[in-house]
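Position chain B against the provided structure of chain A, taking the given hints into account.
Number of protein chains: 2
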Amino acid sequence: MTEPDFEKGGGLAVAIAQDYRSGEVLMQAFINADAWQETLSTGRAVYWSRSRRQLWRKGETSGNVQIVHEVLIDCDNDSVIYKVEQIGGAACHTGHRSCFFRRVTPDGETAEISKPVFEPEKVYGKK
Amino acid sequence: MTEPDFEKGGGLAVAIAQDYRSGEVLMQAFINADAWQETLSTGRAVYWSRSRRQLWRKGETSGNVQIVHEVLIDCDNDSVIYKVEQIGGAACHTGHRSCFFRRVTPDGETAEISKPVFEPEKVYGKK
Numbered sequence: 002m003t004e005p006d007f008e009k010g011g012g013l014a015v016a017i018a019q020d021y022r023s024g025e026v027l028m029q030a031f032i033n034a035d036a037w038q039e040t041l042s043t044g045r046a047v048y049w050s051r052s053r054r055q056l057w058r059k060g061e062t063s064g065n066v067q068i069v070h071e072v073l074i075d076c077d078n079d080s081v082i083y084k085v086e087q088i089g090g091a092a093c094h095t096g097h098r099s100c101f102f103r104r105v106t107p108d109g110e111t112a113e114i115s116k117p118v119f120e121p122e123k124v125y126g127k128k
Numbered sequence: 002m003t004e005p006d007f008e009k010g011g012g013l014a015v016a017i018a019q020d021y022r023s024g025e026v027l028m029q030a031f032i033n034a035d036a037w038q039e040t041l042s043t044g045r046a047v048y049w050s051r052s053r054r055q056l057w058r059k060g061e062t063s064g065n066v067q068i069v070h071e072v073l074i075d076c077d078n079d080s081v082i083y084k085v086e087q088i089g090g091a092a093c094h095t096g097h098r099s100c101f102f103r104r105v106t107p108d109g110e111t112a113e114i115s116k117p118v119f120e121p122e123k124v125y126g127k128k
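As you go down the protein sequences, you meet chains A and B in turn. The working numbering numbers the first residue of the first sequence as 2 and each following residue consecutively. The working numbering numbers the first residue of the second sequence as 2 and each following residue consecutively.
One chain only, chain A, in its complex shape (with noise of 0.2 Å):
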């Protein structure tokens, strides 16, 4: 039985939602026990959320939840995995399919590389 290193982490160790299809890093949030064993067994997302300080099931507000398809741990121990389908189309708050959409240049400049797929507002009711 094998459980992520959260020791090592102050308690949390790192999750990475990657699209089950296309291999698109869509977000990376931290789990804690609790939020490990309960993705685990309900087959949804769950994180911490260190600003909340809270398990965060990923979905709960908008419905976008994230079905799990697969849970790959890495060498150490403190690095997992959740390869997903996201519901709704977008894993970002912004209504961006992935949090990741924005290129940094060498010299530190900022590109967007993708145009939300919603309207944040539309889902959650506000900016």
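Wrong hints could be hidden among the right ones.
Pairs count within a copy or across copies, as identical chains cannot be separated in the list.
[Stated by the list, open to error] Below, in silico cross-link-like pairs of lysine to aspartate or glutamate (EDC-like), each with a Cα-Cα straight-line distance of 20 Å or less: (1) 9 with 61; (2) 84 with 39; (3) 116 with 77; (4) 9 with 113; (5) 84 with 108; (6) 84 with 122.
Treat the hints as calculated values from the structure; they're not laboratory data. This one's a predicted model, so the numbers in the text were calculated from it and none came from an experiment.
For chain B alone, coordinates are given in the frame of chain A:
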């Protein structure tokens, strides 16, 4: 000019190395401000080793550097993706192409989903 928010993670942000062609996630590590700047200026992936507490110029020992083709940053600036070309064919010290070479089943069992592409002792001189 956009810089990762290193404060939120106690001086560290998350970095995800993704194959720039296939989209496979190769590894996840952490960066501090120095690692970030050196990555941008050299075009080679540099991380911060939490265990050794020093800059980790990926491939410095093995020669298996990561050439950075593109850098993405997430919506709240605490996580970046390096789209890399992995020299030597493997990112993992175990010889696997990706550090995420184990699948976790819902009951917590793991199974290897790939075979190593090199023998670690030949690349690093020891296991």
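A quick look at each hint next to the structure:
no., hint, verdict
1, 9 with 61, "neither (29 Å within a copy, 24 Å between copies)"
2, 84 with 39, "within (16 Å within a copy, 31 Å between copies)"
3, 116 with 77, "between (36 Å within a copy, 17 Å between copies)"
4, 9 with 113, "neither (34 Å within a copy, 23 Å between copies)"
5, 84 with 108, "between (33 Å within a copy, 17 Å between copies)"
6, 84 with 122, "neither (27 Å within a copy, 31 Å between copies)"
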